[in-house]
Structure formats: structure tokens, C-alpha cells
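Participant: What follows is each chain in one-letter form.
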Amino acid sequence: MIEEQRVIDFHGHTGRLDRYNGVDDPALILHAMDRVGIDISCLFNIFHPDGTTGNDITARFVAEHPDRFVGFAYVSPMMAEGMVAELTRAIDGLGLVAIKLYPPYTQWDLNEPIWHPIYEFANDRGLAIIFHTGTDPHSDPGLLADCAAQFPNANFVAGHAGNVDEPRAAAIKAAQDHPNVYLETCSTFRTPGVIEQLVNEAGADRILFGSDIALMDSRPQLGKIITADISDEAKRLVCGGNAARLLGI
Amino acid sequence: MSIQFTFRPRVPVFDANVRVGDLHYQPSPCRNRDQLLAEMGRHGVERALVYHAQTEEVSPIDGNGFLEEWLEDRRLFPQWSIMPTPDSMAQVEALHEQGRVRSVRLHNMGYVGLPFRPWAFAPMLSWLSENRIPLWIPLPDADADELAMTLSAFPELVTVLVGAHYSHALWVRPLMTTLPNTYLELSRIEPLGEVEALCSEYGAERFVYGSWYDRLAMGSMLFYLHHSDISESDLELICAGNLLRILQGEGRHD
Numbered sequence: 001m002i003e004e005q006r007v008i009d010f011h012g013h014t015g016r017l018d019r020y021n022g023v024d025d026p027a028l029i030l031h032a033m034d035r036v037g038i039d040i041s042c043l044f045n046i047f048h049p050d051g052t053t054g055n056d057i058t059a060r061f062v063a064e065h066p067d068r069f070v071g072f073a074y075v076s077p078m079m080a081e082g083m084v085a086e087l088t089r090a091i092d093g094l095g096l097v098a099i100k101l102y103p104p105y106t107q108w109d110l111n112e113p114i115w116h117p118i119y120e121f122a123n124d125r126g127l128a129i130i131f132h133t134g135t136d137p138h139s140d141p142g143l144l145a146d147c148a149a150q151f152p153n154a155n156f157v158a159g160h161a162g163n164v165d166e167p168r169a170a171a172i173k174a175a176q177d178h179p180n181v182y183l184e185t186c187s188t189f190r191t192p193g194v195i196e197q198l199v200n201e202a203g204a205d206r207i208l209f210g211s212d213i214a215l216m217d218s219r220p221q222l223g224k225i226i227t228a229d230i231s232d233e234a235k236r237l238v239c240g241g242n243a244a245r246l247l248g249i
Numbered sequence: 001m002s003i004q005f006t007f008r009p010r011v012p013v014f015d016a017n018v019r020v021g022d023l024h025y026q027p028s029p030c031r032n033r034d035q036l037l038a039e040m041g042r043h044g045v046e047r048a049l050v051y052h053a054q055t056e057e058v059s060p061i062d063g064n065g066f067l068e069e070w071l072e073d074r075r076l077f078p079q080w081s082i083m084p085t086p087d088s089m090a091q092v093e094a095l096h097e098q099g100r101v102r103s104v105r106l107h108n109m110g111y112v113g114l115p116f117r118p119w120a121f122a123p124m125l126s127w128l129s130e131n132r133i134p135l136w137i138p139l140p141d142a143d144a145d146e147l148a149m150t151l152s153a154f155p156e157l158v159t160v161l162v163g164a165h166y167s168h169a170l171w172v173r174p175l176m177t178t179l180p181n182t183y184l185e186l187s188r189i190e191p192l193g194e195v196e197a198l199c200s201e202y203g204a205e206r207f208v209y210g211s212w213y214d215r216l217a218m219g220s221m222l223f224y225l226h227h228s229d230i231s232e233s234d235l236e237l238i239c240a241g242n243l244l245r246i247l248q249g250e251g252r253h254d
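Protein chains in written order, with this note's numbering: chain A, 1 to 249; chain B, 1 to 254.
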């Protein structure tokens, strides 16, 4: 909690990435969260194309600290025939509350029809979907505009907000054009002025704090919001107000 | 500890890694010295060690010249860039004779296939070592094996490894262990809990705070350090004390 504002980290991972010293140790994650007032971290596992394996890992992880972690479901069109069934199991059975997608692991642009069953599922239930977005052509955040227009009851979140200049501009344009597009902030680039640009051009009510924990520590990623040249009211929305609204928590 | 939406550092801050001026492909958000000082003031940063962007990929010699207009006696201190060529060495040696060299920064030559090996760098590294001039080495341009092998041949030389990213996570500990007179600059140390872990393993005396502004936003790592489980005295060392000691030629640990 920061100044009575609940803080929600919208972007986190379960699973180890040992080559990067990315260790999903709950004690380390909670320590980092506690040091800077992060109340809830949203977590997902993107390392298993069946969805099931990773979603089970995430659900077990969340179950250890249900007051601090929220789980998102992951599926992949590499195993398209099982996507909707797995989403149903993960959301209804495991209690996961939103969806994570990772187009760079696939051969399809994020607006291609093979993804549409996922979007229909989210649209029917009013769920949020967070995507990895960036320079990879499958992950072009500009493509979210197509999806947002076709599935207006789902909310589409550009993870990393495009990460670098050109895709970031496309992400902002998608958010400007569609009320169900949001931009999430985590990025190892931490380019000066990006938080200010996102807030000023897309609106503070459309920006979500994320950290990429446990690949990265959540503290410097929160630090770039806290030290940005934006109003305290904007910081409240970015740090948790928008995420609480989007997730209904 | 109560967290606020505004942040100011609790300890004096001397930023060990600030870039000024335009890259050839990217203008700087700070157009002049006053704007840089204002940005530092906004984040509570008192002093900074600055190098010029033109030294990164164009010319250490011209870039060092462009650096002059950014310097300020009390707050902005020069870090001259260097490469092992006669012209570059002569420029830095002349600055040294004027008493103006407290540190230097290695220009990336791996780009053109010159490895960081003693056969190419020994005269320059020997001169730096003899004159107790510390060398900053950007890790994004470096090769781990070359660093370990070459710097081991110059054990008295103090070095600061700059910009270790999570993609360098497996380099950091072997290099810190192999090279006792090496420091790690913290601008991109983001693996979970890594600042606390490294300080516990090696001691806060081995680390310096740098923002790597304007490549990175200035305040976020400073916020992180102030919300880490390290003592106030260690925080003071990391944020300014260690850098002051290094710049005074007193950086050796062995």
C-alpha cells in the first residue's frame, strides 16, 4: 500500500529462468513486494505450450499466498485444439482471473484467426488479456487495435507497452483509438520519459504498473513510476487503481 | 517503512555513470548542462561523473572535446574516454598532465574486431595502472573471457564494470571473485534480490551507484537501493563513498 493506494503488479512470472538468475522464490518475491508496498502480484507461466502444466504451477504458487498473488492463465495456438478447454479449466477450476499470451513463441501475428477462440472466450467473460509486445512482428502492439475492435468486451493489455519507440507509438495509438486497450509498463530498457509519454498520450487511466518479477526485481520497475514526472493522482491509477478495476479485485 | 509517491534519497548521491550529449542516431533529452542539473536536482542527485555520447560509437577524441562544455566544478566531473591508439593516448596523457584525469572509460573496439587482449591493450592498461587511474568498462560491449584474462594480468588496475544486465547474470560473480580490484556499477542490476545478495557476498565496498542516464531513467535504481535490505552506511558507500575513494586513486582492495 502506498499512501492508502493498493499497489498491483500486473506482470509477473512463475518458473525459473536460471541463465538469467531468474528465480521464482516466493520468499524473495514477497520480500521485494513488501519493501516497496506492492500488495498483489499477478503471475503466469509461459513455458509450456499445453497451458496445463504452467497453469497448474501458477495455481499452486498462488495457493500458497492467495492474499498476495493472483494467477493468469496461459495457452498457446501451438496446441490450438485444447486452448478453450484449458482456459475454461484454468479460469473456472483453478481460479485464475485473466489471460497471458506470448506471440513470439509462435508463428502467428497476434491478430490472426488462430488466436480468435481465446479472444472470444475473454470477450464472453469480460476478461483481460496481457500480451508480450515489442519489436517481434508477431507482437506488434498496433495489431491490438484489430482485436480490440472485434472483441469490445475483452480488455487487451500491451505488455511492456511495446518496449521501444516505434512499437510504443503503435501501442499508444491503439489505446487512443480503443477504450479496451491498456498499456503495461515493465521494461528492462527503462528509457527516460516513457512513463510520462504513456500517461500524457494514452491517459493515466489506461496505464498499468508491471515489473516482470521474478525475471526482474519489482523495486526498480516501481521506482520508475514513483520517480516519473507525473501527478500523484496518475501514480495512484497506474500503480493499482486501473488494475483493480480491470481485474475486478 | 512508509512508502510515498514522492521519493528523495536519504544519503548524498554521486552518480557514477551519466552520459551527456547526442548520439549520432538519438538526440539527448537534456539539451544542455542546465537541463541536466535540473534533472539531477529533481532526483536529489548532487554530483555526477559524466562522459559524452559521441565517445561511445563515433570518436573518443572528439567526444572528449565536446564534454568540456558540460562540466561544472562542483557537480559535473569529467570521465574521459580512451582507446589504445597513439592519438587517444596522447589526448588523455595531456589531460593527465593538467591534473584533470580521475577516471577513464573504455571505448568499444570489439565492434571492429579488436579483442580486449594484452597484445592490443597492454601499454594502455600499464599506463593506467602505473598512474592509479581507474577504468570504467561497459559490459554490453565486453567479452567475459577477455575481461577475466586481460584484467588478471594487471592486478593493480582498478576497474568498474558498467551496466550489467540480467543477461550478464552468470558473469558477475566469477568476475567479482577473479578480479578483487573490480567494482560493479548497479544501473541495470535487476535480477530479483540481487543487490542484497551481492552486497552480502562481496561487501558493499565493491559497488557503485550509477543511473546510466540518459540511456536509462535517472531515479528508478536510486529508489530501489533505498528500499533494499542494506545498512545506511552501506547505502552511503554505494551512493557516493566508494566512488569518491575510487576517484581519489584509493580504490584498490587487495
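Heads up, a few of these hints could be off.
Claimed, not checked - Far from chain B, some chain A residues (derived; all Cβ distances over 10 Å):
| no. | residue |
| --- | --- |
| 1 | H65 |
| 2 | H116 |
| 3 | D229 |
| 4 | G241 |
Stated by the list, open to error - Chain A side only, calculated, beta carbon under 8 Å to chain B, not exhaustive:
| no. | residue |
| --- | --- |
| 5 | G22 |
| 6 | V36 |
| 7 | T106 |
| 8 | Q107 |
| 9 | D109 |
| 10 | A214 |
Calculated from the structure, these hints are not laboratory results. C-beta: ideal position from N, C-alpha, C; glycine also.
Participant: Next step is simple, just say for each hint if it's right about the structure.
Facilitator: Status of the hints after comparison with the structure:
Chain B leaves A/H65 outside its interface by the beta-carbon criterion, the shortest separation being 16 Å against a cut-off of 10 Å. Residue placement check: A/H116 keeps its beta carbon more than 10 Å from all beta carbons of chain B (closest about 34 Å). For A/D229, the non-interface assignment is contradicted: its Cβ lies about 7 Å from the closest Cβ of chain B, within the 10 Å cut-off. Interface exclusion of A/G241 from chain B stands, the closest Cβ pair being 12 Å apart, more than 10 Å.
Hint status for A/G22: holds, given a least beta-carbon distance of 7 Å to chain B, under 8 Å. Of the supplied interface hints, the one on A/V36 holds, with its beta-carbon coming within about 5 Å of a beta-carbon of chain B, less than 8 Å. Here the hint on A/T106 is broken, as its CB sits about 23 Å from the closest CB of chain B, past 8 Å. Evaluation of the A/Q107 hint against chain B yields a violated restraint, the C-beta minimum of about 25 Å exceeding 8 Å.
Of the supplied interface hints, the one on A/D109 is violated, with its beta-carbon coming no nearer than about 26 Å to a beta-carbon of chain B, more than 8 Å. A hinted interface residue such as A/A214 counts as satisfied when its beta carbon comes closer than 8 Å to some beta carbon of chain B; here the least separation is about 5 Å, so the hint holds.
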